[in-house]
Amino acid sequence: MSELLAHLNPVQRQAVTHLDGPLMIIAGAGSGKTRVITHRIAFLHREVGIPLGQIMAVTFTNKAAKEMRERICRILGLPDMPGLAVGTFHARCAMILRREAEAAGLSTSFAILDETDQKQAIKGVLKELDISEKLARPAKVQSFINQAKMRLLTPADCEELNDEDEVPYPRIYAKYQEVLTKCNSVDFEDLLMKTVLLFQGNEAIRKRWVERYQYVLVDEYQDTNHAQFLLTKLLAKDHGNICIVGDEDQSIYSWRGAEISNLLEFEKSFPGTHVIKLEQNYRSTATILRAASTVIERNTQRIGKTLFTEGEEGEPLTFMTSPDQAGEGTRIAQECVRLIKVEGVNPDEIAIFYRGHWLSRGIEDAMRQFRIPYRVVGGLRFYDRREVKDLLSLLRLSVNPTDDLAFERVVNVPNRGIGAKSQLIIAQHAAAMGVSWREAAIALTEQKTLRGKAHGSLINFLGMLDGWVELARFAKPSRVLEQILKDTNYKEDGVGDLNSIEAESRLENIGEFEGMIDSYQPQGTENQLLEFLTEMALDATEEKDDNKARVSLLTIHNAKGLEYDYVFTIGMEKGVFPTSRAEESFDAMAVEEERRLFYVAITRARKKLFLSYSMSRNRPDLWGSMNQPSIFLSELPSDVFDGESQQRMKRLLPYQTQRQKQAPGELEYVPDEPVQTERRPFRSPGGPINRGGRTASRPGFSEGTRVNHRYMGPGEVVSLGGRPGWERVKVRFDDGREQEFVLKYAPLSLAE
DNA sequence: CAATTGGGTTTTTTT
DNA sequence: AACCCAATTG
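FYI, in my numbering the residues of the first sequence are 7 to 758.
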């Protein structure tokens with residue numbers, strides 16, 4: 007037997023060796039999916055003789071692409087594989103569109119707008135159309151446009167479909183698209199939509215790409231959207247050599263347009279599909295697997311598969327409770343210290359998961375306090391920082407001086423006296439003459455329309471820009487940046503007060519950006535700066551290449567595809583996880599998706615899983631409120647926990663909203679009283695509150711009243727405020743701290 | 001024109 | 001608490 011197949015189980019081997027025709031691999035968590043994919047590509051190449059250049063593999067993230075490439079290299083014993091086409095749908099489409107720019111109605115040097123740029127552009131459009139942001143929320147508009155593009159709908163299509171909405175989304179969409187076209191820019195969704203339209207409208211071009219890629223593989227297929235589904239079909243329907251890999255239980259991107267039905271109904275779109283299920287788990291202990299299976303079995307949207315393992319029972323799960331975020335951080339940090347120092351665990355093998363980035367705060371504080379090295383994965387993205395965005399826009403403008411969006415962003419950065427008024431004149435002029443901002447600005451300086459500082463500054467800026475454009479034609483990206491930094495004096499004038507901490511961190515980021523562009527290794531032979539900018543737009547991951555072992559902090563979404571020996575999942579509270587939006591919507595599918603997210607979190611752990619609940623989170627508007635436990639906690643069989651955890655759970659679960667039915671094996675609990683509100687108020691001698699849904703203010707609180715806070719100690723009321731039902735009190739504590747509370751939630755009592 | 005202040009709003013998740 | 005916008009002030 008080929009050495010390639012030696013380390014695979016029989017089912018995996020089938021998946022690797024299946025040759026022609028559509029193949030669907032349902033890969034359960036930890037079932038060796040990546041191993042199968044990489045071996046399959048290696049097999050196609052080495053054993054079947056398919057040239058690597060004829061294989062296209064689509065991954066969900068750039069990181070996954072990089073990893074896949076490396077692993078295949080290792081298997082094949084090659085240093086590099088320039089021919090193999092691996093990347094996200096977005097990256098592949100960007101490549102295709104650059105090659106086929108003309109046919110797609112673009113110029114080769116088109117810019118790619120990230121989400122932030124897109125929002126800025128939308129805001130500009132709203133201003134131009136004189137629509138208030140209150141009426142048309144930029145975020146809503148953005149989502150409308152993206153949803154439309156995913157379904158390949160033009161503004162005109164939207165106009166026809168929807169007319170009952172009072173917000174003129176289609177009109178905004180139309181104008182937005184106009185702006186993008188004028189700026190020679192595309193957004194993320196355009197990358198997909200324009201490629202699909204190109205293939206649909208030009209059979210010759212489509213054939214060319216189909217012939218180029220004889221074998222197509224799509225990973226994380228459960229998270230593809232409609233446009234991606236169409237793309238898959240357009241690329242593979244001729245030869246049918248399509249292999250998709252997915253797991254319906256790990257579909258967690260419906261909010262981005264992902265449709266599980268793409269996976270569930272794959273056989274319909276590709277008749278004759280061979281289906282393989284990978285169900286043996288090689289990752290987690292039997293206990294963790296049992297916890298995961300019990301949870302996911304509640305879902306209805308499943309193909310259905312049963313994971314099994316030949317591994318050991320392993321350690322039970324631990325459930326932790328804390329009064330607040332700081333306490334939660336401390337407990338987890340202490341446990342990390344114990345694992346690292348006593349058990350000798352490598353910090354790289356520990357991860358802390360949460361539902362949203364804002365939850366990382368308390369953990370970060372504790373990690374610093376305990377001097378545990380950590381890294382936050384994702385989070386505020388590097389390229390989203392103001393200074394990095396500025397520099398990126400300056401670079402974009404140098405490649406493509408008609409990019410009005412970039413021009414607008416940087417024409418007055420650093421401040422050179424071209425303020426809102428002057429910019430408005432430029433914009434109007436540009437619109438009237440039907441030219442770009444840059445050309446309009448040139449005309450304005452010639453006509454001497456602007457007076458004073460603005461006039462001179464603009465001439466100066468335009469002069470510098472000409473220099474950068476010239477430079478960008480041939481020079482290395484780092485050289486262009488160097489010139490830009492020098493000309494604009496950005497490091498002195500662009501970072502604010504030079505002695506501030508902020509300026510320090512900005513300069514640090516600029517330094518890091520310089521490092522990135524310096525060490526950038528171009529792949530192709532085309533315009534290097536353009537290539538750099540494309541990568542920056544599509545790949546947000548900033549990789550610090552120090553190899554220091556660290557504990558990882560990341561969202562569960564970010565954790566997809568990763569695994570760790572020890573996993574902590576924090577924020578196991580109602581309203582947090584599952585998010586209140588899902589639980590409060592009347593969409594059962596929304597909760598199912600949250601449950602899949604929980605399933606993903608559980609199945610990342612190899613050896614041990616910790617779940618953490620905090621009674622309160624730092625949200626001033628809800629200070630003192632007591633969180634109810636997450637419904638997911640009650641969906642776990644109690645005997646997967648250790649004894650103490652079971653006790654903690656028993657004490658806590660009475661606070662949970664009653665559930666009608668309980669499946670056997672679940673924790674039993676007796677609610678000692680009904681709970682009416684989502685946030686459960688504390689009882690206190692201030693009087694009964696929040697009866698039967700109606701909220702009355704608590705008597706006895708007025709200015710000067712002596713009070714006692716359950717956690718913060720004694721103090722005095724300094725002021726009262728808020729709306730009826732949401733009365734607030736500001737308390738000055740005896741130790742000098744001041745804090746405002748929502749009266750009905752605060753654990754405050756009147757002092758004797 | 002720009003910096004400051006005040007008010008209102010927000011909290012998923014990412015290519 | 002943090003962020004973003006609009007209005008006000010220097």
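Quick caveat, the hints were computed from the structure, so don't treat them as lab data.
Quantities reported herein were computed from a predicted structural model and do not represent experimental measurements.
Keep in mind that the hints are not guaranteed to be accurate.
[Said to hold, decoys possible] Cβ-Cβ distance ranges computed for the label pairs, FRET-style:
(1) Thr122 <-> Glu370: 52 to 62 angstroms
(2) Trp364 <-> Ser591: 33 to 43 angstroms
(3) Gln340 <-> Ser511: 27 to 37 angstroms
(4) Gly649 <-> Asp371: 53 to 63 angstroms
(5) Glu139 <-> Pro57: 23 to 33 angstroms
(6) Glu139 <-> Leu84: 46 to 56 angstroms
(7) Trp364 <-> Asp26: 44 to 54 angstroms
Where is the CB? At the ideal position from N, CA and C, for every residue including glycine.
For each hint, the structure was consulted:
no., hint, verdict
1, Thr122 <-> Glu370: 52 to 62 angstroms, "violated (23 angstroms)"
2, Trp364 <-> Ser591: 33 to 43 angstroms, "violated (21 angstroms)"
3, Gln340 <-> Ser511: 27 to 37 angstroms, "holds (30 angstroms)"
4, Gly649 <-> Asp371: 53 to 63 angstroms, "violated (30 angstroms)"
5, Glu139 <-> Pro57: 23 to 33 angstroms, "violated (53 angstroms)"
6, Glu139 <-> Leu84: 46 to 56 angstroms, "holds (53 angstroms)"
7, Trp364 <-> Asp26: 44 to 54 angstroms, "holds (49 angstroms)"
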